[in-house]
Each structure stands twice: as C-alpha cells, then as structure tokens.
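Place chain U on chain E using the hints.
In case you want the letters, here they are:
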Amino acid sequence: MTPAKSLLAADPRTRARNRAEARFRALGLGAVLLGLGALVLLVGTILANGAGAFRQTYLTIPVTLDADRLDPAGTRDPADMAAVTTFGYAPLLAQALQQHLRQRGVAMEGIGPRDLMAIISQEAPAQIRAMVLQNPDLLDRTLELEMLAGGRIDGYFKGRVTLQSAERDANVSPAQLVLAQAMADAGMIETRFNWAFLTGSDASGQRPEAAGLGVAILGSLYMMLVVLVLALPIGVAAAVYLEEFAPKNRLTDVIEVNISNLAAVPSIVFGILGLAIFINFAGLPQSAPVVGGLVLTLMTLPTIIIATRAALRAVPPSIRAAALGLGASKMQSVFHHVLPLAAPGILTGTIIGLAQALGETAPLLLIGMVAFVRDFPAAPPEGLFDPASALPVQVYNWTQRADPAFVERAAGATLVLLGLLVTMNLIAVMLRRRFERRW
Amino acid sequence: MNVMQQVEAAVTQTAPKISAKAVDVFYGDTHAIKAVDVEIADKMVTAFIGPSGCGKSTFLRCLNRMNDTIDSARVTGRIDLDGEDIYAPRVDPVQLRAKVGMVFQKPNPFPKSIYDNVAYGPRIHGLARDKSDLDAIVEKSLRRAALWEEVKDRLTAPGTGLSGGQQQRLCIARAIATGPEVLLMDEPCSALDPIATAQVEQLIDELRSRFCVVIVTHSMAQASRVSQKTAFFHLGELVEFDDTDRIFTNPGDHRTESYITGRIG
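If you read the protein sequences in the order shown, they are chains E and U.
Per the working numbering, residue 1 is the first one in the first sequence, and the count goes up by one each step.
Per the working numbering, residue 1001 is the first one in the second sequence, and the count goes up by one each step.
Each hint should be verified, as a subset may be incorrect.
Here are the in silico distance ranges between beta carbons for each label pair [what the hints assert, rightly or not]:
no., chain 1, residue 1, chain 2, residue 2, range
1, E, A314, U, L1235, 33 to 41 Å
2, U, G1126, E, Y241, 57 to 65 Å
3, E, L225, U, I1195, 51 to 59 Å
Derived pair list, reagent style PhoX-like, types lysine-lysine, alpha-carbon separation capped at 20 Å [unchecked claim]:
no., chain 1, residue 1, chain 2, residue 2
4, U, K1099, U, K1043
5, E, K330, U, K1099
6, U, K1140, U, K1099
7, E, K330, U, K1112
8, U, K1140, U, K1152
9, E, K248, E, K158
Quick caveat, the hints were computed from the structure, so don't treat them as lab data.
Fair warning: this is a prediction, and the values are worked out from it, not measured in the lab.
C-beta: ideal position from N, C-alpha, C; glycine also.
Excised from the complex, chain E in its bound form (with noise of 0.2 Å):
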C-alpha cells in the first residue's frame, strides 16, 4: 500500500520553506562575516599603522658637558646656569656627535652640521638641559647620553621614511638617511620598546618623536576617577529609588521616559550644558578634569541608572516578599537581598558607561579639555582641578598635525584606547561570571 502523500518526496511548499531558510541562513552568515571582516580591517590598519608609536629609535654617543659654555658665570648654581637656554646646548650635542663620528670612522660625506644636527631631535638640548640644571656636578664631564633620534631618522628604521622618499622630503635628505644607517650599522643608534609614549607628555608639532601620552592618560584616569566616584552612587540611588521605593504615577512616568530620552542625548549637547554650567557659571577652570568627569558624569548617570533597574528588576520579588515576610523593613529587603543579587548587573552596566565615558570626544573638546598640556597634572584631589588632556582628545589633536609621525602616534594612541576598553569590558564579563547567582 502506497501513503497518498510520501514522506519521501518534498512537497513544493516545503522545498520553498527550505530554500527561504537556506537563504534567510546564508544572509545572516554573509552580515556576521562582513562585520567580522570590517573589524579586522579596522584594527589591522590601526596595527599597521599604529604599533610603530611603541617603538622609538635612539642614539647614544659620549658628550663632553663643558662648563664654560653650559655655566658661564661658573657658579654651579642652577638659577645662573638657567640663563643658558637649549639654544646654548644644541651645538654642543653636534660638535660631540661630529667628534664622535669623526673618531669611529664614520664617513660623513655631503653632510654639512646643521644636516648632522637634525639627525638628533630637537628634543634632545632640552633633555640635556633639564638633567644638568637638575645635576650641577655633571659639568666637566663626558658621559654616554642616550637621546631620541629625529623623527625622520625614526620614520627611517620603522620603515615610513625611504631613501626614495627622502628625494622629495625637505626635512631630511638621502644622505642623512645613509649616516644614520652607518651609525646604526656602528651601534650608535638602536630602536627599542618606547615606555616615553606611555609615561611622557604631549610635545609640539616639531617633535612627534618626543610626544607621549601620560597627560592624556592620566586626564582620562582622573575622569574615570570623578564619573566612578559621582555616577556609581547617584545612578544607583536614583535607580533603587525610583524601582523600588517611589510610587508609580504620572511624575514617575514623566521621570522614566526622561531618563531613557537623556541615554540618547548627543554627547555634545552634555558638552555645552558643561561649558554653561560648570565653566560659566560655576567658574570651574577650563581643560581640568574635574570639569570633564562632571559632564562625562550626567552623560553615564542615564546609562547606569537604566541598567541598575532592569538588574533590580530581574531579582524575583519572592526575595523581597521572603525578607518582608520576616518583618525586615522595605530598606532592609533591598540593602540586605536586592542589592547584591543585582550587584553584578549595576557592575556591569557602570563599567560599559564608564568605558563610553573614556571614549567619549566631543564635550571634552568644548570644555577646553582639547588644549596643548605639557605639565602633569598633580595628585587628586588638587589634581583634579589642573589643565590635563584626554586619551580621545589626544587622538583627535594629534590627527591634525602636518608630520606624519603624528599619523603613527595617533594610531598608537588609538590602540591605547582601544586596549583600555578591551580591558574595561573584559573586567565585565569577568564581574558578571564571578558575582553571578542562581536562585
């Protein structure tokens, strides 16, 4: 007996339900895979580009540091020997680098000493400067001195400057290049992991070899620090307030929609209210981070509120009927049982609004947070109040600047920024497996 309809043979609906789903599948793989591939090229060009900033070419050649030039009223007192600026010092570095050339064999051909001068950066006389003026007993003497090498110089040995290149670059030329290579080739010059580009601040447009992050760093660590110690407890306490305390009628409606509008506010808009409100009206000073981690704060409190809730909302109510049952009261029930059974949840919705705030650019750069920074801001709380940059900020800046090198700095700063994030959510995910709990 032949079944009027064989399971063995597909009917056409069927087969059009399947092929509907074979392409509903292939679709939803092809957009993972473009995500994916959009992922990796954006951190493979900020690789490419980028990881030469951890690496730093320096030279390293004896100088003799003569008292006469560098402290010509001969006192050894640092006020006095201020009086000679970098200028005074520059020269002395390229009569010890031509000496020092001269004497290993170097051959120097078509290199007059303003060429030879630019191999050293300009930030070298200055390094210099400040460790004599620091040392005064270091006259006289002729010490090895480790100094950064020119940007070009550097661009050379990480590969961005050729000697191709060099043909059509006013600022170094090929025969630089080639005294460079000899030097290298002499152990004169090495390029090794650069710690500068982390701990040191930022420098002028001139000097991308010496421009670091460590103001910009540490201006967003004391943002983190304010956003952390005013967002985290206001959000929650907003959030238990409004979850599990407040009554639900039309104000706290009114409330609640507010705060989901505020999660979508552009960042800008936080931006101009900080500048009016904390800086015009307020007088707080500009560029502090105090100023920036208040705006990042109301910018995070929408986000760490609304995820406190939806975490106060996931703990079964028959936790809160259990203490109540018990004659705890309704702060009882939710400081001894709600609280941390939702604690992973407010952990993890703080740490992704900080990681937003770390990332954020636009109101930093209304706040006067974007300005040029050379000095580290003190320890908290003093600190708090004085010029610093920010890690985006910085990325920004740098992006601007005509050299290159700043492009390489930039992406390095990127990849900074990026690993911080990585970091932050990392720190999460690790959060939330940790505190979780099954009831």
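Chain U alone, transformed into the frame defined by chain E:
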C-alpha cells in the same frame, strides 16, 4: 466529639488569637474580599480552602499586612491580633510581621547559606546577644522545622542547594526563628512532591503546639489532614467556618458541599 476536640472547643471559647470583622479588600476596582468575619484560635491549625481566585490567599495576606506592598490594594474593616487592631495607624507593619511569620507558596530561601537564612530574622530584630546565642536560635529553629539532622553538617552550604521540600522546611525554620506567635502558610506544599508534602504536613501538626497556624490550601485532603478548623471561601465570601470534621462530613452550606464533593472549584 472526642476529648481533643472538646479541649479545642474550650480554647476557642476563650479569646481568639486573631479576630477579623467586616473585612473588605479591593484591588483597584475589584472587590476581592467581601465582609469577612472570622475568629482564629491560638494553638491550632486553621485551614482556608476554596477554589482558585476565591480570595483565601488575599485574606491570609491581610493578616500580616503583606497587602500593603501592593499599591492598588485597599483593606477596610478591622483585624485584631490579641485584641489590638493591626491596621491602626500607629502599628508598624515591620513589627507586626515579626509577630506574624509567613511561609510562601514557592520555597524562597535567600541565596545565602543555610545558617544565614535562619539567622537573618534574629539578626535584624536583635534577638541574639552574641554568636553562641544566635547559634542556639538557629539550631532550635532548624530542629523545630525537622531539618536539623539533615543539614547540621553543612550549615554554610547555600540554602538554594537543598531539595524543594528541604527548602520549604528551611523557610519554615526561618519564619520560626524570629519567634512569631502566628504562622501564615500560603499553599506551602503546592510546589512539593508527595513525600516532601507529607513531611511538611507532619511538621505543621507539630507546630500547632506552639503557634497559631493559618494555612491556605486548595487540597481538601490536606485541609482535613492538618487542620482543626476550616474556612471555606467562595468568590470573596467566607461561606462557612467550622470544625474541620464538621465541614468535611456535614457541611452547612450547599456550596461547601458542592466544592468538597468536587462539583465546583
């Protein structure tokens, strides 16, 4: 009428533990409880039975003012505990709930250790002077809840790791630990298997000697097994309230009879 029932009848004639007069409960516009009068005696088990939605749980929750936590609920009438109006403005529900403990339908231990579950009530009410005092309260409560032998070696284990029946007995121990006078139980066995149910029922029978127990159940067999008095609720009204034996053998109202024989509900 046997001797036990005579004694119980005598007790009832003295002052009731809880007395409710003309209690109405509204959820918004819904009239959930209609003019209920009931007197609940101490040291015995009173069962509330009735079909789903008849208001028996709602009425139970009036007795420790758990309905206060629902914004739309409104309670009128008077409920006295030992002659004191529990809805008087001066009464703090927190104090009331320490006196009137509650066990819920689904076991709801805190996600803490067994010890901390039982110790929570005494801690917030300041019932223990020191650690050894607290230890004693925890042990006594767990013993009374017939759970001590099963958990004494793992007091630090999470309460949520116990079986359903053990969790429910833990919740009973937790309720006992605050030293209540009345124990309200809202369908305490509905989430348990028959064996755990039997254990909890036996426990309820033992608790009767110390507490005034009020239990809501929709198992008529359970009501007849554990209770001495039974109240039958239907559509928000208290239809009949009498000795359990009488309700199940010779009900006075035809609705009670219909429910017990399975024609309604």
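So, going through the hints one by one against the coordinates:
Taken as a hint, the range 33 to 41 Å holds for the pair E/A314 and U/L1235, whose Cβ atoms sit roughly 36 Å apart. Hint check: U/G1126 to E/Y241, Cβ distance near 27 Å, so the stated range 57 to 65 Å is violated. Range check, E/L225 to U/I1195: about 57 Å between beta-carbon atoms, so the 51 to 59 Å window is met. Proximity of U/K1099 to U/K1043 is assessed by CA-CA distance (about 15 Å); at most 20 Å being required, the pair is judged to hold.
Distance hint between E/K330 and U/K1099 is fulfilled; the C-alpha atoms sit about 17 Å from each other, no more than 20 Å. Distance check on the hinted pair: U/K1140 and U/K1099 sit about 18 Å apart at the alpha-carbon level, within 20 Å; holds. Our distance criterion of 20 Å between C-alpha atoms is met by E/K330 and U/K1112, whose separation comes to about 19 Å. Between the alpha carbons of U/K1140 and U/K1152 the distance comes to roughly 11 Å, so the proposed pair stays at or under 20 Å and holds.
Annotation: proposed proximity of E/K248 to E/K158 is violated, straight-line Cα distance about 64 Å (limit 20 Å).
Hint violations for this structure: numbers 2, 9, all remaining hints satisfied.
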